[in-house]
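S.K.: Residue numbers (the numbering used here), protein chains in the order written: chain A, 5 to 331; chain B, 5 to 331; chain C, 99 to 601; chain D, 3 to 296.
No lab work stands behind these hints, which were simulated from the structure alone. The C-beta atom is built at its ideal place from N, Cα and C for all residues, glycine as well. It is possible that part of the hints are untrue.
[Claimed, not checked] Derived Cβ-Cβ restraints for the label pairs, each shown as a range:
1) C:215 x A:320: 48 to 54 Å
2) B:108 x A:320: 33 to 39 Å
3) D:231 x B:40: 28 to 34 Å
4) D:280 x A:164: 30 to 36 Å
[Said to hold, decoys possible] Covered stretches of chain D, as calculated for chain A (at least 3 residues, CB under 8 Å):
5) 46 to 53
6) 108 to 119
7) 207 to 219
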Amino acid sequence: MNRTANSSARPLLRSFPTEYLGLTLALSALVGVFSLITDHFFSVTTFRTIANQIPSAVLVATAMTYLLVIAEIDLSVGSVLGFCSAVLGVAMTQWHWPLPLAVIGTIAAGLLCGAFNGLVSVHWRLPSFIVTLGMLEMARGAAHAVTRSQTQYIGSSVEAIAGTSICGLSLPFLLAMVIVVAAQLVLTRTVFGRYLVAIGTNAEAVRLSGIDPRPIKLAVFLLTGLLVALAAIIDTSRFQSANPNAGTGFELQAIAAAVIGGTSLMGGRGSVVPTLFGVLITAVLNTGLAAVGARDETKRLITGLVIIAAVILDQYRHRLGAKWKNS
Amino acid sequence: MNRTANSSARPLLRSFPTEYLGLTLALSALVGVFSLITDHFFSVTTFRTIANQIPSAVLVATAMTYLLVIAEIDLSVGSVLGFCSAVLGVAMTQWHWPLPLAVIGTIAAGLLCGAFNGLVSVHWRLPSFIVTLGMLEMARGAAHAVTRSQTQYIGSSVEAIAGTSICGLSLPFLLAMVIVVAAQLVLTRTVFGRYLVAIGTNAEAVRLSGIDPRPIKLAVFLLTGLLVALAAIIDTSRFQSANPNAGTGFELQAIAAAVIGGTSLMGGRGSVVPTLFGVLITAVLNTGLAAVGARDETKRLITGLVIIAAVILDQYRHRLGAKWKNS
Amino acid sequence: MNSGTPLLAIDRLCKAYAGPVLDGIAFDLLAGEVHALVGENGAGKSTLSKIVAGLVQPDEGTMTLRGQPYAPHNKNGAERQGVRMVMQELNLIGNLTVAESVLLGNLPHRWGWIDWRELRDRARGIFERVGLTDIDPGCFVKSLGVGRQQLVEIAAVLARPCDVLILDEPTAALTAPEIERLFVEIAKLKAAGTAILYISHRMEEIQRISDRISVLRDGRLIATRPAAELSLDEIVRMMVGRELGEAIHRESVTAGPVALRVEGLRRGDAVRDVSFETRRGEILGFAGLMGSGRTETMRALFGADRADGGEIFLCDEEKPVRIRSPRDAVRRGIALLTENRKEEGLLLPLPIRANITFLCLGQLSRAGGWIRAATELAEATRWGNALSVRCHSYEQRVDELSGGNQQKVMIAKWLFRNCDVLIFDEPTRGIDVGAKFEIYQLLADLAAQGKAVIVVSSDLKELMALCDRIAVMSAGRVAATFRRGEWTQDKIMTAALSGYLNQ
Amino acid sequence: QRNDNSQSGTPGKPRVALVMKSLANEFFLTMESGARAHQKAHAAEYELLVNGIKDELDVSRQIDLVEQMIAQKVNAIVIAPADSKALVPVCKKAQQAGIVVVNIDNKFDDAVLGDSGLKLPFVGPDNRKGARAVGDLLAKKLKTGDQVAIVEGAPNAFNGLQRKAGFEDAMKAAGMNIVGSQSGYWETDKANPVVAAMLTEHPGLKALLCANDNMALGAVAALRAAGKQEQVLVVGYDGIGAVRQLLKEGNVLATADQHADQLAVFGIEYALEMLKTKSAPADRNTPVDVVSTP
Ligand SMILES: Nc1ncnc2c1ncn2[C@@H]1O[C@H](COP(=O)(O)OP(=O)(O)OP(=O)(O)O)[C@@H](O)[C@H]1O
Ligand SMILES: Nc1ncnc2c1ncn2[C@@H]1O[C@H](COP(=O)(O)OP(=O)(O)OP(=O)(O)O)[C@@H](O)[C@H]1O
Ligand SMILES: [Mg+2]
Ligand SMILES: [Mg+2]
């Protein structure tokens, strides 16, 4: 009678085949197609370039995955990234803070935004969709106010962060990978992680089990603020400049990456490593289309189709997974 | 035990006080503030201007309200608006279709996009958030492909639609009002409307009651396509030109308007007239801030705050409403 | 046994929502007693227990626990002082494993990292106490049926020590063997000095295990008496405030033509090969152990889940009908009252009116689908009154109703639809005695009108009182079918177990 | 063998990457078509790879694009930067990788260039001068002290700021009264409500200077709705096809034509020249012509 006799232990490894196979296939297919079409796509340089471009997207998508797991959302990540970037830029160029202090200030700015989102939506029990929609406007306004709408050129003094590389992989990339693995482990193997899944599935039941979901939700919003601030620092260091428009449209990208990775928008289901695949798929797609030099409208059409195709694939993977389990 | 047996009839009027009082107050407050700060805000011209600007936003927000009621969402409304606008522009300027034919073509384009969104998300049981995110890219790509990214100047041949006015109010405004009232009545007083609310509340229960939610959902997506196409026609006529970038960011505005009006993002709760208030509040805010000549960052900060304040207010209104009922 | 000062004393407790729900309740709980709380649906039993468990704050009144003032602000507060409760409605977390869900409040961990082995062992230990040896702690909660979920929830509460234990209709979805296990457990706790507040609508249980009985009616405490002094009739009279016609009045059975014939229905492991037929004017019961596949059979038959195989014939027709969705089923005159009213039946935030009329809106509307509001309300009122739904107004939200009244709303909705084949999955789950008899009578009347009625129930007594035939399911098959007069409780139980013995 | 065939100077055709901002904009699209046409005509001389970003706000995506072009080992990059500062470091990286970089359309910030020790030739119009010329033409139709308002591009857009500055130069020189200056985010539908509000707030307004033609379209629609077409003059910038109609109809007074189709071509020619001669040609300002009511 026990149809699902799998132990819940070690879900990271246990579920590898069904969980990651589809995504790996999709990714390989993309790489394959682009390698065939263009001459210079399939090269170490390309992959190194991609690896160095994605860290900020990975961090933001990781935060988004956590939020989606607890059935919340943050539309303000892009704006907050812009704001944090602005703070870092202004701190370095105008206030002449030393780098470590400026970094701390930037993280504080991120945490502040996260705290606002969290406190308002948790305290007034408002949907985070709308609270963070408000924050989307406010943080962008703040970014422009802080920089007076001018890009802050910082120069090589921030280069240390993104410029350091180990075996050709940048520090931010390695950091992002460490954070992804840690986030995945925390989600699947710690008490905190299990609370997140529980809250996303049935917050009322969690409350009735005597656990207050509010501080936990707040913690996730704070974590989002932190990760977004880190992403801002990475990008600012990479570009050696702070642009108040940085991160525009990041929110939808991050959500798309998480959903491509199989995270549910309804809460309670999601994990971080597949989200990384989601980010990789988008990045490979972007790079590949740029290598082909496709027209803008073609790029958009293909991007849209790939997003939809990815989630349809995910559906079939789930059904297939269910079948395998049952037989 | 049935102590009282209130009649449910006339919910449109019955609920006026609690339902609309808060929104009316918020709107009046905004108008009051701007009238005090600026010289010329409080004038017939201002209100006529606003009335002539909002129809497309009202139509899109109405569609969004319906979608939110059935617990779906459409992020592609802005892009589809751009695409429809592009089709109208190209049909008139390049293919030299007569206006009625071009209008029909535009509506067909809207319905097509709606049908795609509806069919894909209903058939594969995918979250509409992600399907319409894909459509957001695709429709914008299509808009650029159709117009070759060039703004199409149509000239006075389309003026008839937006230019006709009765008592200083444009035809589109009157149309929008009729549609709002009709949509509200359909939602509250017809079988179809009841099904929508039920599907948004508990789609599984609806299915187990022997009513297939899928064609109903599809109908709402088609309706959205239709209303978005109408909005595109109205805007194109107003600007006498079709810009492939038209409607950028419309989706979040429409969602914000609906939520300010008290529509729930979780489905099952929402109505159209309050959404109209939501649109009005945003429009008054925009016009007022432009009249004041506020800096761009100030505008964004205030817009964000007003969105959040409006939903907090809505919360209190609900609690207050509940109290009144009980006493 | 009933000596010493009360462990928990309640005094002049009042609570009102839209109207008064509890009115000056005063009673006490002694250590080591089982105190039964009985009353009609909506009498206020759950509200009272929620107040004691800290989930709801009273408007007035005081409570004392072990002589100290007791006013818990939330569930945690109550639990810290040794008061625990099994809620009437299920509150499990589908996406967690059973073990995680059960131990959610205190997952075993080292520096925040879950200790999986410890977790599994503890969960096993907990389940063994209530005899749930065949539940794998690693499977997901959402893969369990309602009965098992309820057991899991009970197990979770029993696992932790407490002084006051409230059981709010723990047995509503359980079958006899599980109930027996639960009673053993209760006896153990009682011996250890725990005070137990037991709520149930099954009178035989009340009489079996309770020491004292308190009767609630319309939010007032009618009486508290030692159980031995009260006969069943007396309890019911106090509850309902009037005499109850005990026997179900049934027309003499003249089974009509076949209304529904099922052959070889299969779906996954739960439904392996089910064949049966039911005739017009007949009430067919489905008995079986928990997880024997009764619910899954009915869902597959109704088109709620896609069947893997099998044929369904209606009204002596030669050709099988294709039922691929509930829509097909309802159009062919089959109705299914689902066992999980909260998730699969009701539109909780909508008014009672809208819930009752939902299936027949076409009938209540003018051309173009405009609903005739007055007619709608009148019809809703008619059907609500027919089932004596207790509410302030038919505009009240369904989620404000007591569990039993929610069930009545569900029944009203399907009766209004007027189908030929009516399948009731646990129709009396959480329904009070008075109403239960009303529903039995209703089912009997439906059969008398020539409808085919199928009743799935975990309460064997109920089936034996009501049905013309009883099909007993075991491990996804119909193990035996008995006619009235042929059956005995033992025969049925043997049949119910048969499928598992030779596995 | 696939990766390594195109070091600059090797026999194969040189590959030129044109990195644009905002392919969603007619101006840049014209630029792109011009470049593609040029490549077709000189197909034997070079290969062309055109890429652009969604809109000008997406600066980081443009930086990513340049990095990808470096990874692709193109021989030359012709770039219209979406941000005059943020793209400098990545262009420096390109140059260090041996790639010829030519700056078109939007000039890199001189201070930042100096700071990073980068030297790039610039080919493009002087937006400020162009805007000044349009403004001067407008000023001739106005009286000193008349109220005028500016509709800016997206805040932070360098060419937008330049155009605004040019408009201001012209208006101040002619003694006009600038009563308002707000952003219309480059778009018709975003500029329209802003203009409508300015019209009511400043009933005496005599002219609107729009930083691009799409916003001019929005402004004209607002004027039409307010019935003020006779009273208020509108000027735009870019000279897109749509606005030529309006010029003919007299609804727009003037716009600036930056010869978009030539811009990228000049840049590509510069790049090819640099690849051949290894020299660094001087900056070159391309012409901006004021187009006005015939
Ligand atoms: N949150 C609420 N809001 C409004 N009314 C409520 C609420 N909760 C309970 N009630 C009302 O209080 C009354 C008592 O409900 P309660 O759940 O305590 O009944 P019960 O005795 O447990 O009934 P049952 O046997 O059906 O479970 C009901 O009439 C119900 O409608
Ligand atoms: N040992 C088990 N472990 C997990 N799930 C089980 C087990 N036994 C049965 N189930 C679940 O029970 C369901 C089949 O039983 P079904 O709900 O049809 O039984 P039932 O006779 O109606 O019992 P119940 O009293 O639980 O409603 C399946 O959905 C299956 O997932
Ligand atoms: Mg109860
Ligand atoms: Mg069952």
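S.K.: For the hint 28 to 34 Å, verify it against the beta carbon of residue 231 (chain D) and that of residue 40 (chain B).
M.R.: At 31 Å between Cβs, range holds.
S.K.: Are at least 3 residues of the stretch 207 to 219 of chain D within less than 8 Å of chain A when you compare beta carbons?
M.R.: violated (count 0)
S.K.: Is 48 to 54 Å right for how far apart the beta carbons of residue 215 (chain C) and residue 320 (chain A) are?
M.R.: Violated: the Cβ-Cβ distance is about 35 Å, outside 48 to 54 Å.
S.K.: Are residue 280 (chain D) and residue 164 (chain A) spaced within 30 to 36 Å by their CB atoms?
M.R.: 33 Å Cβ-Cβ, so the 30 to 36 Å window holds.
S.K.: So is the stretch 46 to 53 of chain D in contact with chain A by the C-beta rule, three or more residues under 8 Å, or is the coverage claim wrong?
M.R.: holds (count 4)
S.K.: Just to make sure I understand the rule, a stretch counts as covered if three or more of its residues have a C-beta closer than 8 Å to a C-beta of the chain. Does the stretch 108 to 119 of chain D meet that for chain A?
M.R.: With 5 residues close enough to chain A, the hint holds.
S.K.: Given a hint of 33 to 39 Å, does the C-beta separation of residue 108 (chain B) and residue 320 (chain A) actually sit inside it?
M.R.: holds (38 Å)
Of the hints listed earlier, those the structure fails to meet are numbers 1, 7, in rising order.
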